[in-house]
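*Asks:* Sequence:
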Amino acid sequence: MGIATYLKDIGRGKEGARALTREQAADLMGQLLDGQLSDLEIGAFCLAMRVKGETPEEMAGLLDATESRLQRWPVQAGVPVVVLPSYNGARRLPLLTPLLAHLLAREGLAVLVHGARTETARITSDQVFEALGEPPVALPRALQAGEVAYVSTQHLHDGLHRLLEVRRVVGLRNSGHSLVKLMNPLAGPALIVGCYTHPEYAISMAETFALRGTLAVLLRGTEGEPVADPRRCPLIEGLHHGQRQVLQPAQEGSLSTLPELPNGQDIPATVRYTQAVLAGELPLPDPLRVQVERIASLARTSLG
Numbered sequence: 152m153g154i155a156t157y158l159k160d161i162g163r164g165k166e167g168a169r170a171l172t173r174e175q176a177a178d179l180m181g182q183l184l185d186g187q188l189s190d191l192e193i194g195a196f197c198l199a200m201r202v203k204g205e206t207p208e209e210m211a212g213l214l215d216a217t218e219s220r221l222q223r224w225p226v227q228a229g230v231p232v233v234v235l236p237s238y239n240g241a242r243r244l245p246l247l248t249p250l251l252a253h254l255l256a257r258e259g260l261a262v263l264v265h266g267a268r269t270e271t272a273r274i275t276s277d278q279v280f281e282a283l284g285e286p287p288v289a290l291p292r293a294l295q296a297g298e299v300a301y302v303s304t305q306h307l308h309d310g311l312h313r314l315l316e317v318r319r320v321v322g323l324r325n326s327g328h329s330l331v332k333l334m335n336p337l338a339g340p341a342l343i344v345g346c347y348t349h350p351e352y353a354i355s356m357a358e359t360f361a362l363r364g365t366l367a368v369l370l371r372g373t374e375g376e377p378v379a380d381p382r383r384c385p386l387i388e389g390l391h392h393g394q395r396q397v398l399q400p401a402q403e404g405s406l407s408t409l410p411e412l413p414n415g416q417d418i419p420a421t422v423r424y425t426q427a428v429l430a431g432e433l434p435l436p437d438p439l440r441v442q443v444e445r446i447a448s449l450a451r452t453s454l455g
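According to the working numbering, the sequence shown is numbered sequentially starting from 152.
Hints are computed from structural coordinates only; laboratory data are not their basis.
Certain hints may be false.
Computed Cβ-Cβ distance ranges for the label pairs, DEER-style [as the list claims (entries may be wrong)]:
hint : residue 1 : residue 2 : range
1    : Glu281    : Thr172    : 37 to 45 Å
2    : Thr172    : Gly393    : 18 to 26 Å
3    : Gln222    : Glu411    : 34 to 42 Å
4    : Gln187    : Asp417    : 41 to 49 Å
5    : Tyr352    : Gly297    : 41 to 49 Å
6    : Gly259    : Pro434    : 20 to 28 Å
7    : Leu435    : Leu191    : 46 to 54 Å
8    : Gly364    : Arg292    : 23 to 31 Å
9    : Gly164    : Gly229    : 44 to 52 Å
10   : Arg257    : Arg169    : 43 to 51 Å
11   : Asp437    : Glu270    : 21 to 29 Å
12   : Met152    : Pro340    : 30 to 38 Å
The beta-carbon is built from N, C-alpha and C at its ideal position, and this holds for glycine as well.
Whenever a hint applies, use it, and build me the whole structure from the sequences.
*Replies:* This is the structure:
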């Protein structure tokens, strides 16, 4: 079906728009990723969905089409893999997603981080990994236990990267920025660490994970990154076989102490802090310790 038909449904404004079925959303996304749509049609889709908002069924369809077209990474039997989507970057606090990845790897898990520079004014994971001497990996391969790899979205699918880049033109996030936080780039089971910035997104993300039977951990991330706030542990939930359970309650009350964080949020300061924590020279913030324990436990139980 042509995109004009879909736009008539989703482009009627927040109150008048009609939701697509999962199959229709998959068809639309397939056309976009396969390069069948013009820039004007892609822009119309992005803005229409931005106003309407995606239903869990629509997001499941977008993910169906996306994952079937990704350059997917193979999975080695007996090696649990954790996927960390990293797209927001850091502005006020240090970017600790690379630190989280290495802490999980120390638990014997393989960790795949994927991301893109969608935020020009923020520090991003690819910059931190580069400064750590860990450049992006372009060609997919089976990860070993205890290994961390970073892959850019462009190396997963150029059409998906193109969709994310629309933001630079229109100045607004689109459906692509939501689906990359939910997708599994592996050709097999993995644990996805999903994060949200506003509580209402936790509901739709959990419903989408449940529709697709995704094994996931869900938490309110730090500035949109899939890492617990080092100052206060958020609610951490797990999703397995469509069931949602609390893995760690949110930390309540006043903080008696604050973790020792770097004075700056620039790349050198972030790298020094990451290396110091990994070397045991600085204490690991308790919220990150808890997050690592909960992720590792669920991954071993469900994927090991």
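*Asks:* Hints first: check each against the structure and report whether it holds.
*Replies:* Each hint tested on the structure:
no. : hint                        : result
1   : Glu281 / Thr172: 37 to 45 Å : holds, 42 Å
2   : Thr172 / Gly393: 18 to 26 Å : holds, 20 Å
3   : Gln222 / Glu411: 34 to 42 Å : holds, 40 Å
4   : Gln187 / Asp417: 41 to 49 Å : holds, 42 Å
5   : Tyr352 / Gly297: 41 to 49 Å : violated, 32 Å
6   : Gly259 / Pro434: 20 to 28 Å : holds, 22 Å
7   : Leu435 / Leu191: 46 to 54 Å : holds, 49 Å
8   : Gly364 / Arg292: 23 to 31 Å : holds, 25 Å
9   : Gly164 / Gly229: 44 to 52 Å : holds, 51 Å
10  : Arg257 / Arg169: 43 to 51 Å : holds, 49 Å
11  : Asp437 / Glu270: 21 to 29 Å : holds, 28 Å
12  : Met152 / Pro340: 30 to 38 Å : holds, 32 Å
In the structure shown, a violation is registered for the earlier hint numbered 5 alone.
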